[in-house]
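Taken in order, the sequence shown gives residues 1 to 147; the numbers are from my numbering.
The set of hints was computed from the structure by calculation and includes no laboratory data.
Note that beta-carbon positions come from the ideal geometry of N, C-alpha and C, so glycine has one too.
Treat the hints with care, since some could be wrong.
[What the hints assert, rightly or not] For each label pair, taking beta carbons as the anchor points, the in silico distance ranges come out as: (1) Q87 / I44: 19 to 25 Å; (2) E46 / D80: 34 to 40 Å; (3) A54 / G104: 34 to 40 Å.
[As the list claims (entries may be wrong)] Capping the alpha-carbon separation at 25 Å, the derived lysine to any residue pairs in SDA-like fashion look like this: (4) K105 / N41; (5) K58 / M24; (6) K2 / D35; (7) K57 / L30; (8) K111 / S91; (9) K2 / Q124; (10) K2 / E133; (11) K2 / L47; (12) K58 / E77; (13) K58 / E27; (14) K105 / D35; (15) K2 / K105; (16) K2 / L110; (17) K2 / E27; (18) K28 / Q70; (19) K57 / M131; (20) K57 / R26; (21) K105 / Q124; (22) K111 / Q70; (23) K57 / P116; (24) K105 / H120; (25) K58 / D80; (26) K111 / E142; (27) K57 / S95; (28) K105 / K58; (29) K2 / H43; (30) K58 / D117.
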Amino acid sequence: MKILMVCLGNICRSPLAHGVLEHMVREKNLNWEIDSAGTGNWHIGELPDRRSIAIAKKYGVDITNQSCRQFDVSDFENYDHILVMDQNNLSDVISLANSDEDFGKVRLFLKNGIVPDPYHDDNQFEPVYLMIEERCREIIEEFGSNR
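Please model the complete structure; the sequences and the hints are all you need to start from.
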């Protein structure tokens, strides 16, 4: 199973989701590949935002091995599920889909809503982390039989 997390810059939300799910997958000994990307190209090659790194570390997750990258059309081929953080990310990724199969791989990370972008508000990193952590537990349950 291969899952790609996508947000705008690949420095806050998607690296957290990538790191949290990857951490949980390792603990459960699942044979899954997790990655993340951004729809924008501003931070290619950079580490995640220092605040994302700090909040992940607080909860025992290390995301310092990640490097920001931009979503690419080839990701449709390489991933089974593409989970996006908000409606803009959804629109941006879907606009690159070349087939119904591509389109079918893309959906919002949260079943009923969006993950708010904490970039401009330091106080939002922990609530966003906790939201992501809860959804990652659900993803393990939801896709767990696909080892």
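We went through each hint and held it up to the structure:
Here the CB-CB span from Q87 to I44 is close to 23 Å, well matched to the stated 19 to 25 Å. A beta carbon spacing of about 27 Å between E46 and D80 contradicts the range 34 to 40 Å that was offered as a hint. For the pair A54 and G104, the supplied restraint of 34 to 40 Å holds, since their beta-carbon distance comes to about 36 Å. Among the hinted pairs, K105 with N41 is consistent with the structure: their alpha-carbon atoms are about 22 Å apart, no more than 25 Å.
Proposed proximity of K58 and M24 is supported: the alpha carbons are some 15 Å apart, at most 25 Å. At roughly 8 Å between alpha-carbon atoms, K2 and D35 fall within 25 Å of each other, so this suggested pair holds. Between K57 and L30 the CA atoms are separated by roughly 22 Å; this keeps the pair inside 25 Å, and the hint holds. Annotation: proposed proximity of K111 to S91 holds, straight-line Cα distance about 16 Å (limit 25 Å).
With a C-alpha separation of about 28 Å, the suggested pair K2 and Q124 falls outside the 25 Å cut-off, and the hint is violated. Using a Cα cut-off of 25 Å, the hinted pair K2 and E133 holds, with the two alpha carbons roughly 18 Å apart. The straight-line distance between the Cα atoms of K2 and L47 is roughly 22 Å, inside the 25 Å bound, and the hint therefore holds. A hinted pair counts as satisfied when its Cα atoms are at most 25 Å apart, and K58 with E77 does not qualify at roughly 34 Å.
Only pairs whose Cα atoms come within 25 Å are accepted, and K58 paired with E27 is accepted, the gap being roughly 18 Å. Restraint check for K105 and D35: satisfied, since their Cα atoms lie roughly 15 Å apart, inside the 25 Å limit. With a C-alpha separation of about 11 Å, the suggested pair K2 and K105 falls inside the 25 Å cut-off, and the hint holds. A C-alpha spacing of about 18 Å is found between K2 and L110, which places the hinted pair at or below 25 Å, so the restraint holds.
A distance of roughly 17 Å separates the Cα atoms of K2 and E27; the hinted pair therefore holds under the 25 Å criterion. Taking the CA atoms of K28 and Q70, the gap is about 29 Å. The hint is violated against a cut of 25 Å. Pair hint K57 plus M131 holds up; C-alpha atoms about 16 Å apart against a cutoff of 25 Å. A hinted pair counts as satisfied when its Cα atoms are at most 25 Å apart, and K57 with R26 qualifies at roughly 16 Å.
For the hint linking K105 to Q124, the alpha-carbon distance of about 28 Å lies beyond 25 Å, and the restraint is violated. Restraint check: the Cα-Cα separation between K111 and Q70 comes to about 24 Å, which is no more than 25 Å; the hinted pair holds. Of the supplied pair hints, the one linking K57 and P116 holds, its CA atoms being roughly 20 Å apart against a limit of 25 Å. With a CA separation close to 30 Å, the supplied pair K105 and H120 exceeds the 25 Å bound.
A threshold of 25 Å between alpha carbons decides the hint, and for K58 with D80 the separation of about 30 Å lies outside it, so the pair is violated. For the given pair, K111 sits about 12 Å from E142 by alpha-carbon distance, which is consistent with the 25 Å threshold. For the proposed pair K57 and S95, the alpha carbon gap of about 35 Å is over 25 Å, so the pair is violated. With a CA separation close to 32 Å, the supplied pair K105 and K58 exceeds the 25 Å bound.
Between K2 and H43 the CA atoms are separated by roughly 23 Å; this keeps the pair inside 25 Å, and the hint holds. The straight-line distance between the Cα atoms of K58 and D117 is roughly 19 Å, inside the 25 Å bound, and the hint therefore holds.
Hint check: violations occur at hints 2, 9, 12, 18, 21, 24, 25, 27, 28; the rest are consistent with the structure.
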